[in-house]
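**Student:** Going line by line, the protein sequences match chains A and P. Note that this note's numbering has the first sequence beginning at 1, numbered continuously upward. Note that this note's numbering has the second sequence beginning at 1, numbered continuously upward.
Because the hints were derived from the structure by calculation, they are not lab data. Errors might be hidden in some of the hints.
Think about it this way: if two alpha-carbon atoms lie no more than 27 Å apart in a straight line, the pair counts; the simulated DSS-like pairs of lysine-lysine are [stated by the list, open to error]:
| id | chain 1 | residue 1 | chain 2 | residue 2 |
| --- | --- | --- | --- | --- |
| 1 | P | 66 | P | 117 |
| 2 | A | 163 | P | 188 |
| 3 | P | 163 | A | 163 |
If you want a taste of the chain A side facing chain P, the calculated C-beta under 8 Å gives, among others [said to hold, decoys possible]:
| id | residue |
| --- | --- |
| 4 | 137 |
| 5 | 140 |
| 6 | 156 |
| 7 | 168 |
| 8 | 172 |
| 9 | 176 |
| 10 | 184 |
| 11 | 185 |
Here are a few chain P residues that sit away from chain A, every Cβ distance over 12 Å (derived from the structure) [stated by the list, open to error]:
| id | residue |
| --- | --- |
| 12 | 66 |
| 13 | 81 |
| 14 | 94 |
| 15 | 187 |
| 16 | 188 |
| 17 | 191 |
| 18 | 217 |
| 19 | 220 |
| 20 | 225 |
Heads up, the beta-carbon is just placed ideally off N, CA and C, and yes, glycines get one too.
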Amino acid sequence: MNLAIFIEQILNGLITGSMYALIGSGIALVYGTMKVLNLAHGEFYMLGGYFTWYLAVSLGINPAIAIPAAVAIAFCLGMLIQKLTVEYLILRDNWAFTTIAATMGLSIILQNAALLVFGANFNTVPSYVSGVMVLGDIRISWQRVLIFVVALATIGFMTWLLKYTRLGWSIRATSQDRDAAQVVGIPVKRVYMICFGLAAALGALAAAMLAPINAINPWSGMPVLLKGFVVVVLGGLGSFPGAIIGGLLLGVVEAVGVQLTSSEWRDVISFTLMIAVIWWRPWGLFGKK
Amino acid sequence: MATEPTPKLMLDVQNVNVIYGNYQVLWDVSMQANAGQVMAVLGPNGSGKSTILKAIMGLTPVRSGKVIFEGEDITNRPAHEMIERGISMVLERRRLFTGMTVYENVMLGAYHKSVQKYAKERLEWVESLFPILKERRDQVAGKMSGGEQQMVAIARALMSKPKMLLMDEPYLGLTPRIVGQIAEIIHKVNAEGIAVIFNEQNVKLSFGISNYGYLLESGRVMLNGTGEEMMNSDVIRRVYLGE
Numbered sequence: 001m002n003l004a005i006f007i008e009q010i011l012n013g014l015i016t017g018s019m020y021a022l023i024g025s026g027i028a029l030v031y032g033t034m035k036v037l038n039l040a041h042g043e044f045y046m047l048g049g050y051f052t053w054y055l056a057v058s059l060g061i062n063p064a065i066a067i068p069a070a071v072a073i074a075f076c077l078g079m080l081i082q083k084l085t086v087e088y089l090i091l092r093d094n095w096a097f098t099t100i101a102a103t104m105g106l107s108i109i110l111q112n113a114a115l116l117v118f119g120a121n122f123n124t125v126p127s128y129v130s131g132v133m134v135l136g137d138i139r140i141s142w143q144r145v146l147i148f149v150v151a152l153a154t155i156g157f158m159t160w161l162l163k164y165t166r167l168g169w170s171i172r173a174t175s176q177d178r179d180a181a182q183v184v185g186i187p188v189k190r191v192y193m194i195c196f197g198l199a200a201a202l203g204a205l206a207a208a209m210l211a212p213i214n215a216i217n218p219w220s221g222m223p224v225l226l227k228g229f230v231v232v233v234l235g236g237l238g239s240f241p242g243a244i245i246g247g248l249l250l251g252v253v254e255a256v257g258v259q260l261t262s263s264e265w266r267d268v269i270s271f272t273l274m275i276a277v278i279w280w281r282p283w284g285l286f287g288k289k
Numbered sequence: 001m002a003t004e005p006t007p008k009l010m011l012d013v014q015n016v017n018v019i020y021g022n023y024q025v026l027w028d029v030s031m032q033a034n035a036g037q038v039m040a041v042l043g044p045n046g047s048g049k050s051t052i053l054k055a056i057m058g059l060t061p062v063r064s065g066k067v068i069f070e071g072e073d074i075t076n077r078p079a080h081e082m083i084e085r086g087i088s089m090v091l092e093r094r095r096l097f098t099g100m101t102v103y104e105n106v107m108l109g110a111y112h113k114s115v116q117k118y119a120k121e122r123l124e125w126v127e128s129l130f131p132i133l134k135e136r137r138d139q140v141a142g143k144m145s146g147g148e149q150q151m152v153a154i155a156r157a158l159m160s161k162p163k164m165l166l167m168d169e170p171y172l173g174l175t176p177r178i179v180g181q182i183a184e185i186i187h188k189v190n191a192e193g194i195a196v197i198f199n200e201q202n203v204k205l206s207f208g209i210s211n212y213g214y215l216l217e218s219g220r221v222m223l224n225g226t227g228e229e230m231m232n233s234d235v236i237r238r239v240y241l242g243e
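The following block holds chain P by itself, in its conformation from the complex (with noise of 0.2 Å):
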């Protein structure tokens, strides 16, 4: 899987630039992702990895630059349009709607007018990765563990059937055992032909899953690669790998 034969280009992220306030967090970041991907984008805290998924996904205005999904002009369209191109993202922090059921959470994943066909369908899906999600149907999900809120969050955002999975630091204040079960299911998404792309601090971690990353600091790109060259680069192996 790690060279297909001609890769298609997917989402192609062009000198974005992003000013909170008087503060720049991303520096003319471009990156690329092809169809079908894994991508990690890499780094530590304050390097802008999250701010590039919310940039792509129009969460955050983008000052300059570009971002283009399958030949299409994206920048700045708002959120909610990005369902309809096929791109659905878990947000940091799971996000769930707390006061809500998990039915009605996983149900408003397919809430789009363009998706809505799908849902009956994407919710047997959904509900084969996850058997909990059929167990639990009623419970309000704010009252579920941060691993289950997890497994909600990613269902939610599979109804819309994307071709492109953004995941806001997936791993977060979760524990290993969950973990291996959130890699897994990833393993899973991609096998359907949906590219992730997500970010996290843990390199080692996230090339278990990922054939390509970046690697942001302080809002730049400092290298880019596939998880070998990256594994094998001097700067990973002495900042993050501690070699």
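Next up, chain A with everything else stripped away, as it sits in the complex (with noise of 0.2 Å):
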């Protein structure tokens, strides 16, 4: 194989690996605060890319402006289905399956919700920026530089905020202890929200950034979702940082793994990844024993 492709098809693992871990993260920021699986995680991708669409598209509105108004969409709506749906059930004794049960539904009201809002079409956005970098024989899409850069902007942004600022600090405690921080006066059903707002943003911020590549449709939520379970689990449930280099290290080893095969392999070299790091370190490979 050629060299310069081969790099170039890690450079784009990396870049589909950034998304993954956008994805993933959010799915890890819930988790572990709330201990909830969120399986309408991939709606809030899909609802991104929609509103991305809508905002963007039919509106016209320029994508600068668009996106993170998609964004800040997403996270009140997060918020608020939160506070409708999840906070009743997770302050109950046994909680853990009526949350599944419940995102799941979730899940599906928002597909069809979506579906008679939107219809069944796939719907495309135009890239943000076109043309192609080329490094000597390396060529990769602005687009997908664009994509690289947003998600390390967000990556370096979330980990500021969880390291520095009153509110990650909450969001830190409340994961770690939630007794321990409504002791000291975090008021963490605030917090939870907040989490859940945050989830969404980061998900539909993804799906934003996709979308002039994948075109949105209802049901574009449960691949996604899929790929968000392999990037926590591979990370450690819950760890935020997990899910940052789960998503990296998921999106080069389908990328080289497509190489080396091809495209139809790419679930299945995921998910042989996914099992593969369950046997050795069942724990994943930043979460605690």
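Reconstruct the complex from the two isolated chains, following the hints.
**Tutor:** Here it is, written out as structure tokens:
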């Protein structure tokens, strides 16, 4: 195999992986704080794609404004949905299954709502930037470069938020010990709500960035959710840095694997990687035993 | 210190009942604590001595009865509001944020908006009480020994400038040397005018540092009185001191 093509594939893998990282980190954030496996997470991605499409294409708003607006709407919607559904369930005993059932139901409701409002068509958004970046023999479209830059900036922002802000401290404290967080005066219900909103926003941002490459339809969320699960299992359920590394790793392994086999094998490769990691480290690469 | 001229009632627990599922943990428990007092809640395992502290703090729902703090009804108010009212708690088995540093743990004690302004001044004070906090600022809390973790937990609870400190089994799992250090800290905390309520199984240990006590058994108050009265009571002597 040509070395340039190989390097190009690894870079493409990192770019795809950076999107997996955004999606997985949302699942990790919600699981880490609330211990809720959000089966409707893919629908936040799907809706984020629709919001972007509606604002940027139907209304013709500049993507530089449309994307942040779509992400902000997803953030508010995520908080609202958490407040109306999950919040009632997580404070009860034996809620683990009820939240799985509730978020699964939510996923179906949101899919059908999208079908009703937007129809079953595939919708695409024109590329935000055109042209191809050429570095010697390596060629990558500027759209993909933009995706990577936005993903890195978002990961940097989230890391800063978690590490240095009051909100970040309260999220980390709540995820480590809910009772102790309450005792020091952290309103954990509000932290839960914000985390759900942040997760929805991260999913929506991934969809917005991928919209020119992956068309959006009401069922776009499901495959994304499955990829997100692979990412959080790789990284360790509930670990934010784990989800980032897990996402990038998955992207690269898929890209190289597809290069060596064929693109139909993509999902086989990702789930094989996941199962291998479960054998070797059931708690994931960064999770705790 | 045993008898102040006019003790000021701070905490008034009135006929509190707590039920977990079908199991009643507390039966009509009433207790009073005065400002500036160190009070012990005694009792064997399963007597409800942890539950009463959690019920005061709002961590466990009270089915009936009232918790009054400084004249205000705080029954079933959420735990995160207690900081604002001046109540702070050290949970059983420390319950630190084990993945965060010592500094982050301590500073989270002053997280609440109403107490943020004290953070700097309080940090200096708790670091003078526990010099180890300063030496180990950047250490991950989960990597410390049990005694060191207990000190971080107490420091965290003191950051909010509480009027009353609840301590759930502060001596659990600690070596006698550390127990002595913690007892000394309780004295120092109390000397600052902070009321302390702690629970403990060991009667002798408890009255070394407290000036009033309640004895719980199967969720009911069996006995209450000053340390001296409690140590001389027949029940205590027979059952707990084995005399």
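**Student:** For each hint, tell me whether it holds in the structure or not.
**Tutor:** Outcome of the hint check:
{"no.": "1", "hint": "P:66 - P:117", "verdict": "31 Å, violated"}
{"no.": "2", "hint": "A:163 - P:188", "verdict": "33 Å, violated"}
{"no.": "3", "hint": "P:163 - A:163", "verdict": "31 Å, violated"}
{"no.": "4", "hint": "137", "verdict": "45 Å, violated"}
{"no.": "5", "hint": "140", "verdict": "37 Å, violated"}
{"no.": "6", "hint": "156", "verdict": "20 Å, violated"}
{"no.": "7", "hint": "168", "verdict": "10 Å, violated"}
{"no.": "8", "hint": "172", "verdict": "6 Å, holds"}
{"no.": "9", "hint": "176", "verdict": "4 Å, holds"}
{"no.": "10", "hint": "184", "verdict": "5 Å, holds"}
{"no.": "11", "hint": "185", "verdict": "3 Å, holds"}
{"no.": "12", "hint": "66", "verdict": "21 Å, holds"}
{"no.": "13", "hint": "81", "verdict": "8 Å, violated"}
{"no.": "14", "hint": "94", "verdict": "9 Å, violated"}
{"no.": "15", "hint": "187", "verdict": "23 Å, holds"}
{"no.": "16", "hint": "188", "verdict": "21 Å, holds"}
{"no.": "17", "hint": "191", "verdict": "24 Å, holds"}
{"no.": "18", "hint": "217", "verdict": "26 Å, holds"}
{"no.": "19", "hint": "220", "verdict": "25 Å, holds"}
{"no.": "20", "hint": "225", "verdict": "30 Å, holds"}
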